[in-house]
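J.: From first to last, the protein sequence lines stand for chains A and B. Numbering of the first sequence is given in the numbering used here, commencing with residue 1 and proceeding in unit increments. Numbering of the second sequence is given in the numbering used here, commencing with residue 1 and proceeding in unit increments.
No wet-lab data here; the hints were simulated from the structure. Worth double-checking, as some hints may not be accurate.
To be verified - Some chain A residues judged to face chain B by a derived CB distance under 8 Å, without partners named: (1) 47; (2) 48; (3) 98; (4) 127; (5) 131; (6) 137; (7) 224; (8) 273.
Given the structure is predicted, the values throughout are model-derived calculations rather than measurements. Glycine residues also receive a C-beta, built at the ideal position from the N, C-alpha and C atoms.
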Amino acid sequence: MIDLGRFADEVGDTGPVTIAGLSTRGGAVPGIRTVSAPTGIEWVQADEMTACCGAGTPVDELAAALAEHGQAVALPPGGSVGGALALGRSDVRRLGWGPVRDTLLQARYVSAAGTVVRAGGPTVKNVSGFDICRLLVGSQGTLGFLGELILRTRPLPACSQWHRLDDVDARRLGLLFASLYRPSSVLWNGSTIWVLLEGHGDDVAEQAARHGLEPCDGAPPLPSGSRRSMPPADVTGLTGSFVAEVGVGIVHHAEPWEPPQPDSRAARLATSLKCRFDPEGRLNPGVCP
Amino acid sequence: MTADGVAAAAAAELRRVLHPSRVHTDATELGLYRRDASSIDGRAAIVCFPTDTAEVQDCVRVAARYGLPFVARGAGTGLAGGAVPLDGAVVIVTTKMNRVVSVDPVHRLAWVQPGVLNLDLTREVAVHGLHFAPDPSSQQSCSIGGNVANNSGGPHCLADGVTASHVLAVEVVLADSSVAMLGGEDPEPPGLDLRGTFVGGEGMLGIATLICVRLTQSPPAVRTMLMDFESVEDGARTVSAVIAAGMVPAALEMMDRLCIEAVEAYIGAGLPTDAAAVLLVEVSGLRHGVDADTARIIDIGVAHGARTVRVAQDEAERQLLWKGRKTAFGAVARIKPNYYLHDTVVPRRALPEVLRRVYEISERHQLMVLNVFHAGDGNLHPLLVFDKREPGVMERVHAAGEEIVRVSVEFGGVLSGEHGIGLEKRDLMPLMFSPDDLAAQEALREAFDPDRRANPWKVLPSPAACGDLQHVPDGAWV
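Just chain B, with the same shape it has in the complex:
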């Protein structure tokens, strides 16, 4: 049977087990689901929308019967190509599994389906003075299932930790279509910590169908301040000094000059457009601690050359300062029509030197770079802006991106802080890991999915056995 014939037969069978309206094979729908928020294109054979765990099992079972790989997908906001279907995969979309099943405000946990949007959960539990701590920039549109797959972070993960610290249990449909409950509401379930192992598995260890998350008490007092500096180095040194002084602010975000200019032109928040860098610092907790930390952080900033310190006087001003940070990616559209967002982590003390290198790399490749990032945990997000209609520009963007990743690792950093490896950085994994290290990760993956049917060709550089499927799709710069 031809590949198209196999896909047609699989779709027909899926339409018998799922309602036909939730199994799509038309060109428009397949086109929509051939990519995520990265610039990498794949090819889906079938797109299905299960509504519960049993239907996810059905999708996985049918895919296996016809020898098709499958790719789980939430809201498709991933930036590393993790949800891009390759080689005519069955895309299993979890957006219709979007129910908050239960909330226990006393013990601060909730059971949710994977398609629940991150911010929707926080909105739902806000009445109890609680929130879901991971807050990626895409929190209005990303799903909690996707957060689990990518072990997502966000500005407020500096103090409260990334997704893995907020997931207590995951019900998973494995690649053989069986269901396992990993972890539990109890803190130390017997056996290995498969829950923690699953989080960040990028859809290659199975599909999360029900998730128990920890909810976090919202702070009674919050103080947000903006400091500006004449050099990026001064701002970066302030970050290190704050942490070394024994404080962990709720957030510590930095923007550089180009970014400040773009944001200010976009929203008019009163940002100092002549500054080389601004630091957005948020302190939260109980009022005495917040007051004391605010005062100490201002002192440290001034000692490191902060020209001005603007402390938000009310919630409206605080929201305005945060709007500046959160709309940075929208603001860049005023400069150039396209951007490529990178994501690496370096030790905080290496921030000044690595940033200097990022500017140097961008200049050498004749590209504009904006930096807006989670300085508190050393998580860089260089944003290369360009116009893809310009001949040869994509080659320069990809070359600069790879150099930025290499420099980050060279300075003791890692390939990704929150976007994941996906396809984008798959072939850069050897920069961090030896063949023995990668073999251990392959062993982990094989234990979950010996036939490599769950989201294949991602994360791990494939051994020779993978033959011609080792291709890198258009748009990837790996």
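Okay, chain A solo, but in the shape it has when bound:
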């Protein structure tokens, strides 16, 4: 177990405070006291499919350590583990690897009162009490600052190969998507698809051959104008310059985009949670997840 005492003291219980990771996902709130979470991998247990690390640990460092055990974690590369969870955004393998929010089994975080609080549990299955972990993922450090994390890992696939196929219109995309068996990613830009197949090498080769997919080096560059979230059924109606995650509904678009407002009652619930978890609004002030 990582000693979070010093981190908790730094966060304290008064005054505005912000947390900095590796500043790859927006970074700390400028102009106020800044703290950083502990770093370092505490343990990797391949036979439990779990790993424990400080929230400040770089994702790439964790991924490298897991790879030595034949394991991986469904977090987007780059930045810190805590930052990836605080933002809660998945990467292009979400279709097969699942969302970021499903990776966090247990968090020990520092609350607005400066105390260390445990949420969740260390085992891969747990329904003991309310799911504060899922509340923390994507909360952008507004409800508590992540300190120590226990994550669910997954075995690295024996074979992992990107493929592409050109001249794929919306109709053909639908047919392909329906007949592929559990691809890890399907990306589409309106005319070309890129498919990540993972598993046994012979299965990967067989699926690719059956659908006329050609091996390629990797995913295409993703437009960075906006990252949109939409029902996956809406993807086929997209226009402009985009790469869509088929079956997921994340769209990387060249144009900026204003996200829709959440359900108004849900927004009131979120406000009510913030008021209870951080009544003085001292954690990452001004940030609104």
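Position chain B against the provided structure of chain A, taking the given hints into account.
T.: Chain B in isolation, oriented as in the chain A frame:
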């Protein structure tokens, strides 16, 4: 007004907003709904059967107006007392909200009402080569609303995850009778993940009235095998070794000797009754991966002392092996008339030692224990069998149960893997959580329900303010 008077007035008002045939106050009906599948009894004041979201709102509104707590209930298959009404609550039964509203087989999602039965949804979407992944043992009779409330698991959740991973959105009637849509078909809706927070809320955060679930592609190839061992430890070590080798079978289930004997006497599946433990392993996916994993798992099993490996040769044999696993609870009736089913999770590597302790605890309390459980995710289900007519036996059952929970937590495990906390384990929450941890959970609950009207007195050990309502009903061993 007396408590009975309040209930009568509330029932009269409910009969004005719901059809009178769907509001019950007669003794027989109240008796039926005073408990779930646990052994804990409560007391319902009114039982109502709404048919849509607006009627659920009406039920919640009327309950609030008369100061009555309310308890949502699906099929009542919960084992932790989560749906037991306390203190004359209004029971809001969702079984009449049982429509599959829409299925999108292309994008693999469905909108369902909460009363849809788990297996009914899987049957309905099977034609598309899809299924609903969570498959609790009660899947023939449990409702998806109940699965959401308990974040239900099942044997096949090892590879595909529990309910929270398969719920995209929930329409919820909150305790103030307003309606919120949490989550959505889009993968990253703005704001906090209230959808994920709601799942597993045990009916204390509101009532799910419409649920969008993710559907899972059914595997083209499946291989099911049964290995038997001379010791439980060998079986448990095989489980750890399979996972450590980088494989996640679709299911990895274990039964110990007493359970094997009971099941074999019950269905005659040809199980090795002289074995100390059997492992039921299922591998699924595409054929090359399935073949390769099957071969590796057999090698690992043999290296860990598996005496025989039986690979199901056809679907009929596969169904027979699974029938052995799924009828275990029915089979125990041949041994003793009553059983108490427990549910804890421990790290897989602790399985041998924790199982040894479970046997020791049961022996010390002069009880028989059968173990049939989700070994792949360390989810233990010790089954204490007894005859409740025997004087003093319930005290021993409760004492042994609590010791089993304590040992599980002591070895780095958790209180519950899939049954939930409910009333059963409410007062054991401090074994896992500090006062600060519990205060955070209380804060979460208060944000959803500041007046604590939704399924009160469950999950969280109540602070002193709850006064004499802190009682534990008959049948609970907390």
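J.: Tell me the numbers of any earlier hints that the structure contravenes, in ascending order.
T.: As far as the earlier hints go, only 7 is violated by this structure.
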